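Chemist: Take a look at the letters that make up each chain.
Number of protein chains: 2
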Amino acid sequence: MQTYKAPLNDMKFILRDFINSESNSLLKNSDIDLSDLEMILEEASKLCEEKLLPLNQSGDEEGCKYENGNVNTPKGFKEIYREFVDNGWQGLTVNKKYGGQELPYFMNMFLDEMISSSNMSFGLYPGLTSNAIDAIEKSASDEIKDLYLPKLASGEWSGTMNLTEPHCGTDLGLTKTIANPQNDGSYKLSGTKIFITCGEHDMSKNIIHLVLAKTPNCPKGIKGISLFVVPKIIPKKDGSLGERNNLECGSIEKKMGINASPTCVMHYNEATGWLVGDLHKGMKAMFIMMNGARLMVGVQGLGIAEIAYQSALNYAKERLQGRSLKGSKNLDKDADPILVHPEIRKSLLKIKTLTEGLRGLMLWTGLQVDIAKKEKDKFKKQNADDWVSLMTPILKSFATDVGCEASNLAVQIYGGHGYIKDHGIEQLVRDSRITPIYEGTNGIQALDLVGRKMPLHTGRLLKAFFHLVKEYIEKNSFNYNLKDFMPSLTKSFNRLQQVTAYIASTGLKDPDEASGPASDYLKMFALVATAYVWTRYAEIAFNKLNNDPNGFYLAKINSGKYFMTKILPETGSIMSSILSGAKTYNDFEDSHFDSAFKL
Amino acid sequence: MQTYKAPLNDMKFILRDFINSESNSLLKNSDIDLSDLEMILEEASKLCEEKLLPLNQSGDEEGCKYENGNVNTPKGFKEIYREFVDNGWQGLTVNKKYGGQELPYFMNMFLDEMISSSNMSFGLYPGLTSNAIDAIEKSASDEIKDLYLPKLASGEWSGTMNLTEPHCGTDLGLTKTIANPQNDGSYKLSGTKIFITCGEHDMSKNIIHLVLAKTPNCPKGIKGISLFVVPKIIPKKDGSLGERNNLECGSIEKKMGINASPTCVMHYNEATGWLVGDLHKGMKAMFIMMNGARLMVGVQGLGIAEIAYQSALNYAKERLQGRSLKGSKNLDKDADPILVHPEIRKSLLKIKTLTEGLRGLMLWTGLQVDIAKKEKDKFKKQNADDWVSLMTPILKSFATDVGCEASNLAVQIYGGHGYIKDHGIEQLVRDSRITPIYEGTNGIQALDLVGRKMPLHTGRLLKAFFHLVKEYIEKNSFNYNLKDFMPSLTKSFNRLQQVTAYIASTGLKDPDEASGPASDYLKMFALVATAYVWTRYAEIAFNKLNNDPNGFYLAKINSGKYFMTKILPETGSIMSSILSGAKTYNDFEDSHFDSAFKL
Chain A
51 MQTYKAPLND MKFILRDFIN SESNSLLKNS DIDLSDLEMI LEEASKLCEE
101 KLLPLNQSGD EEGCKYENGN VNTPKGFKEI YREFVDNGWQ GLTVNKKYGG
151 QELPYFMNMF LDEMISSSNM SFGLYPGLTS NAIDAIEKSA SDEIKDLYLP
201 KLASGEWSGT MNLTEPHCGT DLGLTKTIAN PQNDGSYKLS GTKIFITCGE
251 HDMSKNIIHL VLAKTPNCPK GIKGISLFVV PKIIPKKDGS LGERNNLECG
301 SIEKKMGINA SPTCVMHYNE ATGWLVGDLH KGMKAMFIMM NGARLMVGVQ
351 GLGIAEIAYQ SALNYAKERL QGRSLKGSKN LDKDADPILV HPEIRKSLLK
401 IKTLTEGLRG LMLWTGLQVD IAKKEKDKFK KQNADDWVSL MTPILKSFAT
451 DVGCEASNLA VQIYGGHGYI KDHGIEQLVR DSRITPIYEG TNGIQALDLV
501 GRKMPLHTGR LLKAFFHLVK EYIEKNSFNY NLKDFMPSLT KSFNRLQQVT
551 AYIASTGLKD PDEASGPASD YLKMFALVAT AYVWTRYAEI AFNKLNNDPN
601 GFYLAKINSG KYFMTKILPE TGSIMSSILS GAKTYNDFED SHFDSAFKL
Chain G
51 MQTYKAPLND MKFILRDFIN SESNSLLKNS DIDLSDLEMI LEEASKLCEE
101 KLLPLNQSGD EEGCKYENGN VNTPKGFKEI YREFVDNGWQ GLTVNKKYGG
151 QELPYFMNMF LDEMISSSNM SFGLYPGLTS NAIDAIEKSA SDEIKDLYLP
201 KLASGEWSGT MNLTEPHCGT DLGLTKTIAN PQNDGSYKLS GTKIFITCGE
251 HDMSKNIIHL VLAKTPNCPK GIKGISLFVV PKIIPKKDGS LGERNNLECG
301 SIEKKMGINA SPTCVMHYNE ATGWLVGDLH KGMKAMFIMM NGARLMVGVQ
351 GLGIAEIAYQ SALNYAKERL QGRSLKGSKN LDKDADPILV HPEIRKSLLK
401 IKTLTEGLRG LMLWTGLQVD IAKKEKDKFK KQNADDWVSL MTPILKSFAT
451 DVGCEASNLA VQIYGGHGYI KDHGIEQLVR DSRITPIYEG TNGIQALDLV
501 GRKMPLHTGR LLKAFFHLVK EYIEKNSFNY NLKDFMPSLT KSFNRLQQVT
551 AYIASTGLKD PDEASGPASD YLKMFALVAT AYVWTRYAEI AFNKLNNDPN
601 GFYLAKINSG KYFMTKILPE TGSIMSSILS GAKTYNDFED SHFDSAFKL
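As given, the protein sequences belong to chains A and G, one line each in that order. The number in this note's numbering is simply the position in the first sequence, starting from 1, with 50 added. The number in this note's numbering is simply the position in the second sequence, starting from 1, with 50 added.
One chain only, chain A, in its complex shape (with noise of 0.2 angstroms):
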């Protein structure tokens, strides 16, 4: 059975113990504090285990009907998505100004933890429209995000990307859609984009599309391509609705998972639209927005990654087979329960350590998001920024894969009853899968990290989370507490400065020695990333240890001590991997990749 408490309990210790010192100063000057804060988490809890953790096997089963260009949200979801709307959801970080609440950008991450835990599918609405709000406000003109932005943050509309075609998903160069110039300063669009999520669908007003385009005779290429705002139905001045536009949605696709949110295809034949930002510097504008939605794309791995924790644990206590190796500890019935045996707490203990570590990390940095936003001092701007810059491909590689490690150790745990659709928890597996690939799949994540990351102002990215890091270890090498956790740590972080200093050489002779082990090398940076956090976890945990009534700190200190001998451990084959070298796959012969089967 899909089981699903918001953790609370982590989430205040990261309020209140792990981002306290830096989120405590940006809320100095606001009149919000950290109870208020509390209080919405609990508010956003309720939401989620009562409203949509109810609906999430239902819509999956149910699926999204498709029908002349109109597509039927599942039972349940256009009157849970207007309560959402109606309690300010939407607006959670909006600016004031556009009716939001101007809340700190890490909150959102808290709150899309919990909708992507309790129902995904559902989330990717007001997902997509906060994408759509990112975009408009930071590159549109007032005009448009005067008309647009009020009822996008209320709810009232909603939004989408357009980018992939069907010949170009990660090669938007080849964009074919083109925008024709009109004299009233619109343009009018024409083509077919493919996996637009939300692109249709019968929960909002309004659908506000942003569209990749290219112009007549715009230069070759990425540089050649456009943002549009591309409404379904053109909105009079007064934000009433207008016209229906023309563009229509041609279908949707059948899918592996997510099956409560469409995927469409859509038709675009001389629709208008409006230019997003300066003409041919579309990329920039998208990718300003795309940061934000990759965090929260890694927000969903993280998300998944709890349901599928949880589920498996109650099952794991519930169910009885077998006996303890150690002798019953249940002989007043046939059998223990699973949760005896080592082979299940170890996959449970990944699961959870791998959870709670990126939890902190991605807040950490969704902090950073706010101090880059409202920082006055020039260079803890920078530094924020840089941190945010580096981090987005890390978290949403990271946690995505391990949201999907997650949900198949989850249908493990549960064997054959997690095959059959019953308990819920084969979809997890099935919705996870996507998070991987969208947004960037994560194979380009990586070749962010290395060829633009790593190099840009010279290592200015690296270097500052080296340096924090190393200051941290000669700061607490000696400390006692921090025993099973400093030298694993160091060990750890000793191979990572190693290892980017063989690419960073390797690199500068030939781009595909760097690119080559650029998955490889981003997992190990997120390994030894969180075995950071757990370290200052586990540096926090000690000094709560003589008011720890419910062992939570303990619990902290025990599960760091699991992650950092069982999971970090694999930066050592990563860094001998990836030390051997490139040649072995990029000279291999392309004729041979078939030999086994060519006749």
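Just to be clear, a hint being listed does not mean it is correct.
Pairwise CB distance ranges, derived in the manner of DEER restraints [stated by the list, open to error]:
1) A:K128 / G:K648: 32 to 38 angstroms
2) G:K648 / A:K188: 36 to 42 angstroms
3) A:K238 / G:N122: 51 to 57 angstroms
4) A:K633 / G:E117: 56 to 62 angstroms
5) G:P505 / A:S71: 53 to 59 angstroms
6) A:K128 / G:P269: 44 to 50 angstroms
7) G:D472 / A:K594: 49 to 55 angstroms
8) A:P266 / G:E133: 56 to 62 angstroms
9) A:K633 / G:M89: 37 to 43 angstroms
10) G:P216 / A:P216: 43 to 49 angstroms
None of these hints come from the bench; they were simulated from the model. Only a predicted model underlies this, so the values are computations on that prediction, with no experimental measurement involved. Note that CB positions come from ideal geometry on N, CA and C, so glycine has one too.
Assemble chain G onto chain A, guided by the hints.
Modeler: For chain G alone, coordinates are given in the frame of chain A:
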């Protein structure tokens, strides 16, 4: 698009070059030779490529339909089944006495691999029949054999295995189905069995269920279990069909995948059955057969990995997206095929080298099954049997994990197109996901390896493997051809020995210390065994390079180098993780598992 050509080049290499010395002596006194075997493989490949593959996606989409106790298979399945059995494939390795062709067991592995690649759901029907044949042949009375085996070998009737009940899967000691003895020597069985693959369908004229049940007042737990043959329609003595038995399919499960094969709830209501083997020795009879079944599930993993590889490779050659970092390779087109990207090459080589390495290990093990059966020399017979016992849990687990990983890598290479149903790639993920679960979860296999096979005959099974590899290393340490193989084989082999000693010694003090790392140990063992196979492949290939017109042998050597440098190093991190002990998870307090969300 699902793409599949049987890997005949590789299969013939295994036949001619890899298992030839031992298989030749096996065939010595028979009327078949190597070229007969190759011809059979070619015939099988046509059936799989031309008939089974085209029904794979349609079968998944349509699924099986349940109505009033009957199960209808998807369109086309009945016809192909008829062709399959009419051409004698069901009886390929069955005793001639019962109408089979009595070919070596390893030929069934090749056949099953092809079937699993092209249509895993279809393969379950004849696969379960093979299991039933195996159980009856090895344990039943001559009367039962003579009545059932000819009909099963011809495929006129099909078979099933009935183990699981709602409250017990792994722990069969909890079985509740009861078998009451009758005066005529038969039994009346009552109870409910679940997860019965192909328990009811419209392909064969009769379905023969092998059912585990307890007799009244039998010993407690698994020692009280007996095995019964319970036909759907009770045959008369001459083999013609008589009365319908009192058993019924109550429903079929909605599953994640393998949708073209029904997973049935079976109700037995005073159904007539006959004892197979000795009373209360049902587990023994079941396990004799289960070993074969487990190897065959491993073969399914291998088969899925192969079609995942070929489908992904095909796409990687056709999909144009982005440019090679080293400069464009496809200047007349807008983009290069994604095969130019190192990340794609690595993913493909990972599948290719794991699949080809495992194929050799699998077939070598299949050959040992034949030797254990036919060999007259007691020592050689025992050696072969030991090898099979040792490798069965390793191959079942590792090959199925590889199948799952391969299909996920294929989805990733397809990107968004892998997530939608059209291309049939996500189906591979859904179909393969059952293989680490059924026939004993992979966690159970690992316990079998560490808890049973390791201590068996005071370590005789492991010693034989260690001796073989050690001797090989000593003989080839200075083989210049193998300079890229021997050091890494030796290093990983030493690690395996060290970890084996550690587990054996700690396990004596605390069984949970040995069972804890069981899965990790199994993976390490599989990697080292596969590395041994790749080194032997390389040794063979180097000697053939002077006559290698298609580059097959050169491809083998270069694939092997990839495996040794990129896949094998994981043994290092597995060792670190195991040697750090089991305390962090075994001593983790149960109440701490839900520390993050407990209220």
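Chemist: The hint says 44 to 50 angstroms between K128 (chain A) and P269 (chain G); measuring C-beta to C-beta, is that right?
Modeler: Given about 59 angstroms between the Cβ atoms, the range is violated.
Chemist: Take the C-beta atom of P216 (chain G) and the C-beta atom of P216 (chain A), compute their distance, and say whether it sits inside 43 to 49 angstroms.
Modeler: holds, 47 angstroms
Chemist: Given a hint of 49 to 55 angstroms, does the C-beta separation of D472 (chain G) and K594 (chain A) actually sit inside it?
Modeler: holds, 53 angstroms
Chemist: Return holds or violated for the Cβ distance of K633 (chain A) and E117 (chain G) against the range 56 to 62 angstroms.
Modeler: holds, 59 angstroms
Chemist: Okay, K128 (chain A) versus K648 (chain G) on CB: inside 32 to 38 angstroms?
Modeler: holds, 34 angstroms
Chemist: Holds or violated: the 51 to 57 angstroms window for the beta-carbon distance between K238 (chain A) and N122 (chain G)?
Modeler: holds, 52 angstroms
Chemist: Could one say that the CB atoms of K633 (chain A) and M89 (chain G) fall in the range 37 to 43 angstroms?
Modeler: holds, 40 angstroms
Chemist: For the pair P266 (chain A) and E133 (chain G), does the Cβ-Cβ distance stay inside 56 to 62 angstroms?
Modeler: Since P266 (chain A) and E133 (chain G) have Cβ atoms about 58 angstroms apart, the given range 56 to 62 angstroms holds.
Chemist: Kindly confirm whether 36 to 42 angstroms is satisfied by the beta carbon distance between K648 (chain G) and K188 (chain A).
Modeler: holds, 40 angstroms
Chemist: Are P505 (chain G) and S71 (chain A) spaced within 53 to 59 angstroms by their CB atoms?
Modeler: holds, 54 angstroms
Consistency note: the structure conflicts with earlier hint 6 alone.
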